[in-house]
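K.L.:
So you can see what is in the structure, the chains are spelled out below.
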Amino acid sequence: MALIDVHCAPLLVRYRAGIFSRASLFTLACLLLTCICPLLIAYRSHGLWPRTASYVEQPRVTFRHEVLLMLHLQQSDQFLAWSTFQNLNGMLGDSLRIPLVKANEEDRNRDGKFDVLHFSLEMPLASSEVVLSADLLLTFSYQLHRMATVKLQGMMYASHSSPLPGSELHVNGDLMLTQRQPLPHRGLDVRYDVAVINGSSPFTEAYDIPLIIRAYQERNVTTRLDNSVKVWRVGSEASNSFRIAVLLRYPEQTIVYQPGFWEMMKAGWVQYVSILLPFIWLFTRIKDFVFQNQVLSTIPKHPVKQHHA
Amino acid sequence: MQVVRKLFAIRFLSLTAHSIILILIFWAKEETALTCLPYVNSEVELKTQNIKLTVALSLSLGLLGFELVGFFSISLLNATQSLLSITSHVIAAITLTFFLFDQVECNLLWWLFGFCSIPPAISELAIIIAVLAFNRKPF
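Chains as they are written, first to last, in the numbering used here: chain A, 1 to 309; chain B, 1001 to 1139.
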């Protein structure tokens, strides 16, 4: 009858030596080398502890319906302005003019998050008024939820000027998140959930665009208009209105964050163990060689011989 | 005897590997000295670094030479010395290869000199003294 191997098991040979013998010292050295070498290799080849990682998320953005508009006219030091802030409008005097504003946000893929903002503004002009430059500032509420909950108030600033009198300005772009530092991986981050424009302030400094931008750029996490194309449509002098049309997308963002303790440990462990395994194999072979050949003197205990005796 | 012959071959190879890599670093000494210094450096600093490197490399090579002499004359068949020597020099050779490729900081040379060149040389010296002065067997 033909026989087959149904199971096989190795026999354990014990090599015994005193605690302070050369064999013990050798075993200790092997153990240390087996553990430390992979660590050194993993560390030296960089990336043992990932300091930053990234993920992709579509933010929850809503237009706050705060607008600051400034149109510069051909006649020097004349401008038209309008904002959604009562205090500023009160200070503008003759320069204040009320435009027709339409804004709607669209959720194209029905995931509960807005994808696009359509904003249009039509400023009536007198026949003698010619617009050469436009500044528009819109503010947004911006939220991230996947890792840390981040709430911030951001803005979009679009500006264009031309030597030719315009009748329309079209802005088409993305609202992008700019990070100067990685976000935390958990918790609530409301550091920048602060109004971009302080609408309750009775001072003109609070509505000065360079000052607003200076304070805003101090923030480490901001939003800005990016990937934008602006089209300045040249109008005839007789046009009786100036129109601004903004199409702003809220795309998915790649967000850089600081991984937490367990994520770092996981990454480190995976690297360490994968380098450790060949070292364990190698040092087991070396120890086999040294002790089987009695390079260092030990007392071997063979299980089979013992059984016979 | 078979085992000691195997060890003998491995020990020779590890000693040779260590010495070859040391000589290679010796050849690339100028560049190594430059990479070990900060980007903004002075002529004096470069000279000092050069001297430091020369001393470390020469000492390592000297100890290696001493060990080679002992290896061929007395400790040829000493298994323990062979093990110690193989371990030290294999580690040193591999680490120095990294040193040469990655151009890490020059202090590594001194660490290697302390941990991988001195211990086998001391035990070699002990064996030579034991054999020559006390008429012990070399294995």
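If you're looking for bench data, these hints aren't it; they were derived computationally from the structure. Among these hints, one or two may not hold up.
[To be verified] Derived DSS-like pairs: lysine-lysine, alpha-carbon spacing no greater than 30 angstroms straight-line:
| # | chain 1 | residue 1 | chain 2 | residue 2 |
| --- | --- | --- | --- | --- |
| 1 | B | 1052 | A | 287 |
| 2 | B | 1047 | A | 287 |
| 3 | B | 1006 | A | 301 |
[As the list claims (entries may be wrong)] Example chain B residues on the side facing chain A (calculated, C-beta under 7 angstroms, incomplete):
| # | residue |
| --- | --- |
| 4 | 1028 |
| 5 | 1077 |
| 6 | 1080 |
Backbone N, C-alpha and C fix where the C-beta goes; we use that ideal spot for every residue, glycine too.
K.L.:
Does each hint hold? Answer for all of them.
P.N.:
Consistency of the hints with the structure:
Annotation: proposed proximity of residue 1052 of chain B to residue 287 of chain A is violated, straight-line Cα distance about 38 angstroms (limit 30 angstroms). For the hint pairing residue 1047 of chain B with residue 287 of chain A, the CA-to-CA distance comes to about 45 angstroms; that exceeds 30 angstroms, so the pair is violated. With a CA separation close to 25 angstroms, the supplied pair residue 1006 of chain B and residue 301 of chain A stays within the 30 angstroms bound. Checking residue 1028 of chain B against chain A: minimum C-beta separation of about 20 angstroms lies over 7 angstroms; hint violated.
For residue 1077 of chain B, the interface hint is violated, since its Cβ never comes within 7 angstroms of a Cβ in chain A; the closest pair sits about 11 angstroms apart. Satisfaction of the interface hint for residue 1080 of chain B is found here, the shortest Cβ-Cβ separation to chain A being roughly 6 angstroms, below the 7 angstroms cut-off.
Going down the numbered hints, you'll see the structure goes against 1, 2, 4, 5, while the others check out.
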